[in-house]
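From just these sequences and the hints, can you work out the full model?
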Amino acid sequence: MSELVARTGRQLQRYQDGCRLVAGCIPFRYRNHVGNDSGACEKDVEGGWENDETVEQAAIREAVEEAGVRGDLLHFLGYYCFKSKTLQDEFCPEGLCKAAMFVLLVKEELQFWPEQSTRQRSWLSIPEAMDRCRHQWMRKALEEGFLKWHEDQMKMTRPKEENLLISSALSPDLD
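Read left to right, the sequence shown gives residues 1 to 175 (full-length UniProt numbering).
The reader is advised that the hints may include incorrect statements.
The list that follows gives simulated cross-link-like pairs (lysine to aspartate or glutamate, EDC-like), each with its CA atoms no further than 20 Å apart [to be verified]:
hint: 1; residue 1: K98; residue 2: E53
hint: 2; residue 1: K107; residue 2: E56
hint: 3; residue 1: K107; residue 2: D72
hint: 4; residue 1: K83; residue 2: E94
hint: 5; residue 1: K98; residue 2: D52
hint: 6; residue 1: K98; residue 2: E151
hint: 7; residue 1: K83; residue 2: D17
hint: 8; residue 1: K98; residue 2: D17
hint: 9; residue 1: K98; residue 2: E50
hint: 10; residue 1: K85; residue 2: D17
hint: 11; residue 1: K140; residue 2: E151
hint: 12; residue 1: K148; residue 2: D72
hint: 13; residue 1: K155; residue 2: E144
Think of the hints as simulated: they come from the structure by calculation, not from any bench. Quick caveat: nothing in here was measured; it's all calculated off a predicted structure.
Shown next as structure tokens:
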């Protein structure tokens with residue numbers, strides 16, 4: 001079993017102007033680079049950005065906790081604001097969140113990870129990821145953030161889009 005443990009609780013959470021600050025990433029790999037090609041996508045990897053870490057450290061931690069992947073952050077995509085029913089608390093009663101999202105090139109898939117009992121790692125093509133995105137802010141991060149970044153990379157002779165797979169962890173109980 002995993003020696004890694006997912007952080008829980010809100011004691012160390014960051015807040016700004018009534019919003020809970022979260023960090024996350026869109027993990028990706030090129031086809032046949034790591035592991036198998038299969039799966040479905042419901043959400044990007046994201047979670048609380050805590051007081052004892054940088055936003056980059058938080059994004060990398062969330063990738064390990066939720067998707068069981070490690071890799072390199074390649075690019076900051078931007079901030080994406082959203083409202084969550086499940087993230088309402090005393091510091092953020094409206095459930096407003098501001099997510100700092102990054103691109104993560106996956107270098108390693110972990111056999112065991114902290115949230116594997118509630119999340120399923122899966123690999124999808126870009127069109128599949130777009131089709132299965134449940135939340136508008138995540139779709140925006142994919143469309144306006146990741147796809148724009150990827151198109152810019154393609155101009156610099158990166159592998160073709162059909163060889164690119166997006167990863168995300170499924171969680172059936174998210175709003």
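Verification of the supplied hints:
no.	hint	in the structure
1	K98 to E53	holds, 16 Å
2	K107 to E56	holds, 16 Å
3	K107 to D72	holds, 7 Å
4	K83 to E94	holds, 7 Å
5	K98 to D52	holds, 18 Å
6	K98 to E151	violated, 25 Å
7	K83 to D17	holds, 14 Å
8	K98 to D17	holds, 10 Å
9	K98 to E50	holds, 13 Å
10	K85 to D17	holds, 18 Å
11	K140 to E151	holds, 15 Å
12	K148 to D72	holds, 19 Å
13	K155 to E144	holds, 17 Å
The structure does not agree with numbered hint 6 stated previously, though it agrees with all others.
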